[in-house]
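Undergrad: With the hints as constraints, model all of the structure from the sequences given.
If you read the protein sequences in the order shown, they are chains A and B. Position one of the first sequence corresponds to residue 7 (this note's numbering), numbered consecutively onward. Position one of the second sequence corresponds to residue 7 (this note's numbering), numbered consecutively onward.
Intra- or inter-copy, both count: the list cannot distinguish identical chains.
Derived pair list, reagent style DSS-like, types lysine-lysine, alpha-carbon separation capped at 30 Å:
#, residue 1, residue 2
1, Lys-129, Lys-184
2, Lys-129, Lys-186
3, Lys-146, Lys-129
4, Lys-123, Lys-143
5, Lys-146, Lys-59
6, Lys-123, Lys-196
7, Lys-82, Lys-210
Hints in this document: simulated from the structure, not taken from any laboratory.
As a plain string of letters, each chain reads:
Number of protein chains: 2
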Amino acid sequence: MKILITSGGTSEAIDSVRAITNQSTGSLGKIMAEIFLKAGHEVTLVTTKNAVKPAEQSRLTIYQITDVASLIATLKTLVKSHDVLIHSMAVSDYTPVYMADFAELQTVTDPAQLLAKRNQETKISSQAEHQVLFLTKTPKVISQIVEWNPNIKLIGFKLLVDVPHEELIEVARESLIKNKADYILANDLKDIQAHQHIGYLVSKTEEIRANTKEDIAQLILERITDD
Amino acid sequence: MKILITSGGTSEAIDSVRAITNQSTGSLGKIMAEIFLKAGHEVTLVTTKNAVKPAEQSRLTIYQITDVASLIATLKTLVKSHDVLIHSMAVSDYTPVYMADFAELQTVTDPAQLLAKRNQETKISSQAEHQVLFLTKTPKVISQIVEWNPNIKLIGFKLLVDVPHEELIEVARESLIKNKADYILANDLKDIQAHQHIGYLVSKTEEIRANTKEDIAQLILERITDD
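TA: Put into structure tokens, the structure is as follows:
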């Protein structure tokens, strides 16, 4: 089976030296890749510079991306040639459009005027006491996967922070339906520590709990090969 | 000699999953540490998780920091017990104070009202088409060094992007005087590539050019031991 995994977190540049990053170590992606390779599958890992990665080995191909635009360009092609996509990457929801001194915001009658502006400098200057950064939503990657390959098996991820269990599962199920995914791995940042990673593999009808990254990888492997 | 080096780039958290990062690989800090250790000095390296680091060895101590607040807390103590500080870290100029949907900005009569607000959520929600992030200046670390230790030899760094040479040297010299530094290493991002790193070691009276990271390290070493 040809399995595509995304891991790590995207970064959206503010200027040539600063970026908004989504913090993600890539550990789960690395463990999934290793377990799937061991089971005899071909793995393509789309990840980021700072994410941890498996050692080079046969049947493993690694692509490195930076921002959402490069993620989309890379996935659009790869999704067509894979049987499964496990999309565990932490993808930026917003990307910077314009950064201004606070004073500029106070001079405009409608702040929406600033949404149309773009920075000309390559390194935005830093004299003002306060700055304001305008951001716009990035295109949702996961919602396009099934359009690019209607036959792919799609496992999405949903990370929330410190929410009741019912809410976590409900939000995961909404994502499942909206993005035509086969499963969503729902997890809460409060349940992720060095040797514990509680996750719930949610389908339309069930939710199965796993307690470590290895358990999550094993559970996903069973589901994608059994179904 | 006890030499303190900072390297890598700080990150300022927006919420529990996103941060504004200053991109810096830490390569120059690593090379300086290695060359100074080889010359028989004691090196303390204050760096970040994603920065490259020298191998563990005797006479090398590494501290890991994240944001400007943790950098200040760490340096405040270390500066007192070192003879030299080489401050090559890319330090965040601004830190997030409040992130809001764009609609909230359009409802207030004075945008300054939002500077006093704080996000209550641990992961800021992402429904709106546009968001706006308010930032405030971080305390300038370099300007406090000589207050903490009047006897320390201070080498600061100034990175600009695609400016004329005269401007680069002028800005470095302003920083030298303002921060009571002994030298400023002035460099332009356009002159930094894989095997080239043009830098100018600027004092009140001279500017000496170096062409690689190794040259920069060697030049700084000569100056701090000769003076």
